[in-house]
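The primary structure of each chain is shown beneath.
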Amino acid sequence: MPEALSISNLTKTYANDVQALSQINLSVEQGDFFALLGSNGAGKTTMIGIICSLLNKTSGEVKVLGLDQVQHLNEVKRMIGLMPQEFNFNPFEPIEEILINQAGYHGINRGEARKRAEVLLKRIELWDKRLDMAKSLSGGMKRRLMLARALIHQPKILILDEPSAGVDVEIRRSMWAYLKELNAQGMTIILTTHYLEEAELLCRNIAILDKGKVIEQTSMKKLLAKVSQQVLILESVKKLPNTLPEFDFQIERLDDHSVQVVLDKMNISQALNLLSLKDIEIEHVRSAQNRLETLFLRLTSKVG
Amino acid sequence: MWIAYKTIVVKEVLRFSRIWVQTIFPPIITTSLYLLIFGGLMGERIGDMQGVDYLHFIIPGIILMTVIQNAYANTVSSFFLAKFNHSIEELLISPVSYWVILLGYISGGVVRGFTVGIGVFIAVSFFVDMQIDNGWIIFATFLLTAILFSLAGFINAVFAQSFDDISIVPTFILMPMTYLGGMFYSIEILPEFWQMLSKFNPIYYMVDSFRMGFLGTSTTDFSTSMAVLMSMILALSVVAYYLLKKGVNIKT
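Chains as they are written, first to last, in my numbering: chain A, 1 to 304; chain B, 1001 to 1252.
Derived by calculation from the structure, the hints in this document are not laboratory data. Don't take every hint at face value.
Below, in silico cross-link-like pairs of lysine-lysine (BS3-like), each with a Cα-Cα straight-line distance of 27 Å or less [what the hints assert, rightly or not]: (1) Lys180(A) <-> Lys221(A); (2) Lys135(A) <-> Lys1083(B); (3) Lys1006(B) <-> Lys156(A); (4) Lys180(A) <-> Lys122(A); (5) Lys226(A) <-> Lys180(A); (6) Lys1006(B) <-> Lys115(A).
For reference, chain A alone in the conformation it holds in the complex:
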């Protein structure tokens, strides 16, 4: 079975001599939910632009489901749906028209396009606004519109560039649920995001880009295993003593009912047992840090 996406030695140098991508090698399996992480200017959007034929590459090869992007340009375009980072629709067009037109560009007749648009607009809760001009939508609605537009031709691979930017928590959660549903149906999803929680929650595999190079490509599980240290906040049932007893791990009293602990080698159940022996019963545990964020910063040398 060919890979959903295979990139070999991809290089992009802009006219102003800025090298956005340097000898990138990357592969994404079919049916994967893949995260592409990197700080601003790392080259994520450039890479997506090249995959989706919006930018010209300087050198290298891009294959989509085994087909070379140059030799089979139209077939490759049919297989990809793109939700870009920036709004890129005509704000003076009605929402439904935007979807119907996009379907038309993919050779889908108006009748069928209208049916698909109805299903998608209902799914993303924009059906009531179908006749409104796109400019009248809020930022979150515009993002959902772009998601629907990316799906109108039923692509095999969905590429999402910062899908949650500017979307409130509730809508973000419902969008995640929808993306999980699409992935469960077999669609390969590649996303870039600044919300590392989003990548950790949704994606099975990950590549980290830094200064135009892939510095890590592995499974999310393996990557997170590299972070041995856990920082947790524990909430106790009873009021905590003013001076805490000594433990084999770092502990800091935050207030009358909560402490922060740093666990290096010990796991959480061992720590809870030790606390219990000193009459500190814990009723709630939560993470004080995003592990992926820690790792990301470490890999991109933002922290030691």
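Based on these hints, arrange chain B on the given structure of chain A.
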């Protein structure tokens, strides 16, 4: 490909139809004023031109001027706005060939040129008893002119970086060329040097053959006019296709 082409054309037609107050109505008003002032009020004092009265002489030129301006304006504004708001990416990521994109935008310009041209013709018919000598010549000239200026508008839009860039060419090149292309006069009344210079202006051939379709009178051969128009369309088509394929000012 047919569905994609139809989609672009329908989108273009809906675009200018939605803003008909800006796109269709003003040329009809402007043209009526031209006819009232130059034809109705001043025309009697000017007398005949190429053997016909002045009012009837200028009507074909004025109709063709609106076709030229509107065909050009439609593609230049539509394609530039698509670049400006990045909605051109909707087409670039889709399996639509560059010829279809080009043809779609050109067809949009032709439809707007036709719509406004018909609108002006109807408006003029209320004031003047219109005569048509050869409908086929009128249609052929209209079609080729609209295609040519839609292509020119498209090329302008590709190079345009700002809204100023899409108004410079119509104001400083298109308008003078139209006015100096024999729209208001026959080039026969010009000194020999200016007559010769006028023959380098492609708009002269369009106005002349369009006028021949209405009045049956012309200063040049119809086949020469068609040859000039078709060669220019061919040249601009190749340029526009090349620019689109290379992604000039569209892709980096």
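For each hint, the structure was consulted:
1. Lys180(A) <-> Lys221(A): Judged against 27 Å, a Cα distance of about 17 Å means the pair holds.
2. Lys135(A) <-> Lys1083(B): holds, 17 Å
3. Lys1006(B) <-> Lys156(A): Distance of about 25 Å is within 27 Å: holds.
4. Lys180(A) <-> Lys122(A): holds, 18 Å
5. Lys226(A) <-> Lys180(A): Distance of about 25 Å is within 27 Å: holds.
6. Lys1006(B) <-> Lys115(A): Judged against 27 Å, a Cα distance of about 18 Å means the pair holds.
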